[in-house]
Amino acid sequence: MTYTARFRVWRGDADGSLQDYDVEVNDGEVVLDILHRLQATQAGDLAVRWNCKAGKCGSCSAEINGRPRLMCMTRMSVFTETETVTVTPLRTFPLIRDLVTDVSYNYRKAREIPSFAPPPGVAPGDYRMAQEDVERSQEFRKCIECFLCQNTCHVVRDHEENKPAFAGPRFFIRLAELDMHPLDAADRRPMAQESAGLGLCNITKCCTEVCPENIKITDNGIIPMKERVADVKYDPVRWIASTIRRRRS
Amino acid sequence: MTQLERHAYDVVVIGAGGAGLRAAIEARALGKRVAVVCKSLFGKAHTVMAEGGIAASMGNVASADNWQVHFRDTMRGGKMLNSWRMAELHAKEAPQRVWELETWGALFDRTPDGRISQRNFGGHEYPRLAHVGDRTGLELIRTLQQKIVSLQQEDERETGDAQARLKVFAECTITRLLTSDGAVCGAFGYWRESGRFVVFDAPAVVLATGGIGKSYKVTSNSWEYTGDGHGLALLAGATLLNMEFVQFHPTGMVWPPSVKGILVTESVRGDGGVLLNSEGRRFMFDYVPEVFRAKYADTEAEGDRWYDDQANNRRPPDLLPRDEVARAINNEVKEGRGSPHGGVFLDVSKRLPADVIRKKLPSMYHQFKELADVDITAESMEVGPTCHYVMGGIEVDPDTQATVVPGLFAAGEVAGGMHGSNRLGGNSLSDLLVFGRRAGIAAAEYVETLPAPPVAADADIDDAAADAVSAFDQADGENPYTLHAELQQTMNDLVGIIRRRGELEEALERLATLKTRAARVSVEGHRQFNPGWHLALDLRNMLLVSECIARAALTREESRGGHTREDFPTADPQWRRVNVVCHLDEPAKHGWTGGIALDRKPLRDMPAELLGLFERTELTGYLTAEELATIPDEAAR
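Top line first, the protein sequences correspond to chains A and B. The letter at position 126 of the first sequence is residue 126 when you use this note's numbering, and the numbering goes up by one with no holes. So the mapping is simple: this note's numbering equals the position in the second sequence, first residue as 1, plus 249.
Do not rely on the hints blindly, as some may be mistaken.
Claimed, not checked - Derived lysine-lysine pairs resembling DSS-like cross-links, with alpha carbons at most 25 Å apart:
1. B:Lys341 / A:Lys163
2. B:Lys544 / B:Lys341
3. B:Lys509 / B:Lys416
4. B:Lys618 / A:Lys142
5. B:Lys341 / B:Lys466
6. A:Lys109 / A:Lys205
7. B:Lys416 / A:Lys109
8. A:Lys109 / A:Lys163
9. A:Lys109 / A:Lys142
10. A:Lys216 / B:Lys544
11. A:Lys163 / A:Lys205
12. A:Lys216 / B:Lys618
13. A:Lys226 / A:Lys142
14. A:Lys163 / A:Lys216
15. A:Lys216 / A:Lys226
16. A:Lys205 / A:Lys216
17. B:Lys608 / A:Lys142
18. B:Lys608 / B:Lys466
Said to hold, decoys possible - From chain A, some residues computed to sit far from chain B (all C-beta separations above 12 Å):
19. Ser17
20. Ile203
21. Arg228
For the record, the hints were derived by calculation from the structure and aren't laboratory data. A virtual CB, placed ideally from N, CA and C, is assigned to each residue, including glycine.
With the hints as constraints, model all of the structure from the sequences given.
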């Protein structure tokens, strides 16, 4: 089953425009296949980022008919043959050209999260953890860093001014992953609230909806982190205890 | 002189997969300033696609496991053509490399007593693969990526600059290594985003660019796998070893066409899945070769019992090394017992409960559901061989990963020797860690020995720049996409799983024509993020590598591991003693358009203590009479 589809693709930089293409579509193909066909036949210089084409690397993120998705995991069969398929770059990040954006914001945020703190005195090979205890963090480590959650989050999507103070959903689950790690020796709750901007999230769950790995970002990551932060911040006994500890050290 | 950006480092690592990142971490830990240069974004390297696990004889599940057994399995898998020294180092050091990952934050699946769980895999005598579901490669890359971030955080605290001693140059392609008096002095490349040129001045370069799969039409490899490191090494005067050995993973997806080649992890079989032909028969029982017969079940009942009781049963032949399984599938399809889309069936739905499948093989469940509308908990998958890995690669010193070019090192898939003629599943991720670290150490130590770093000649840089943009000056030339498609078809049809003299000769003729046409390739547009231009440059490396594979395949007149000659169907013990080594003829004069020349070099003899790990009767399947005569009888050993 082959047909000709109408594609509308963003071309150029921020001053560019949508351009129409008529392009062949075959049975079982995904949106990325169609863009590759465009490159090979009509637009040799069409800039597209991609790697594995199997939903594992998180490189080919874009907005397809307005919805943030991986191009390699969006089958053409979800559209009707007469429907125009519009492909635009991620809106939250500065556009470089065509479908490629500057995602360096995410790499800067990654460097702001304190790394895993190994438990003192435990030699390599002596780590012991129960499967049920590692599973909570393992869910977050499924993240393929496609940054669709970062792109869709309304705190930064049209609010460049929030970016310096807001790490975004991807890094909230990184904080949650470390906080729930059975052997991590650091306390990440103050950081989550103070510099990562966890308080700016008002749990609309848009991030969870677009996650191609089906990670329950909000329910399993952000909300438990908010509760943990609240424990320290608002429980009077803990507040006094932490104040005393801080003075002693 | 060419306008360009210039950076000076002690060590430049090309490639940001498992081997490259591990090398960079080690060189930085030894106090060197290190740059990692990669074609994609940081954290997207092909390593993320590894599914099954990391092989290391930790003995967490089977306490009888140890490095000697792992070494023996690796050599058997490679049909004894491996660099025994690399296989030995690999087996000995893999457990430490895995444990070290835990101290950097990796979270592997656990045993009931809280240790790292280990799973079964083809060719491994014991359950040996540390894993995280079926996304182990992602865990590996993320752990190394996060370790690099933690080193950058240390540097930021100390110097105020996170990237003072370790910097990742992402989306940057290296097109040429720079040399001075035959020794490495840097690398020339361009930013993919802007097309601007960049020179790295560095006395030591570690190549960790991975494989070559994009030269084939059906492959599990990503676009990055264009043999760049192989090409760069040849142009710098280094040599490639045993390039004829290409692994076709037995189980790639075969339908729909757009996903043809995408990997279906071996864990499906390790966890209980079985291969069936169109008659519903478990055909692998018909394909157990003589050398493996004693180790594999000969009835379905015994094979099935093995999953629960490995001490008293032999493993099912579905778990034979990959080359055996790929050839068997190929033959079933050829003889008309294939599935509707030209593969065979792989079924786990009747073997395990649905919830266990979703738990143990989550990304396989997801992949088939989303891309093929197949629910693997209810129906069989259709699978067939896909180009997956190249065992051959840059010839290196087994202890230091040094190539024949001073200052040039290679680790991971781009390096040759470790896996012999066929790699066992799980041995790749451990290879990256063991030899990535060793390359990092050796590169750092090499830099120490130099009184002053060598400097690139301006003329060489100008030449590299002119060469990189030549496709823009060519009007109405060849389309790089068309040439790439023809190359892939040629390699798939003529240098695939089963090879024949006539077809290999035809392949070489076609490759020669493609090479001439590639010199006239033209690209449209400008240099900013231009995929047509990127492909035009990658194409040169793919053509060089393809020629090496075809020439080496024509030279080796036997069948062994990932190289099967229909006209020479058996393994020849005389050929087991031979490494086929390629080099580029006068690279300084002809560049990538030069010819490939071949040499035959003898393998080093395995020392007695390693030979002693094998029973003499097993060795008779591999060694020449002359070699066997030097080995004492069982009683005397």
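Hints numbered earlier in the text: which of these fail when held up against the supplied structure?
Violated hints (numbers, rising): 1, 3, 5, 10, 18; every other hint is consistent with the structure.
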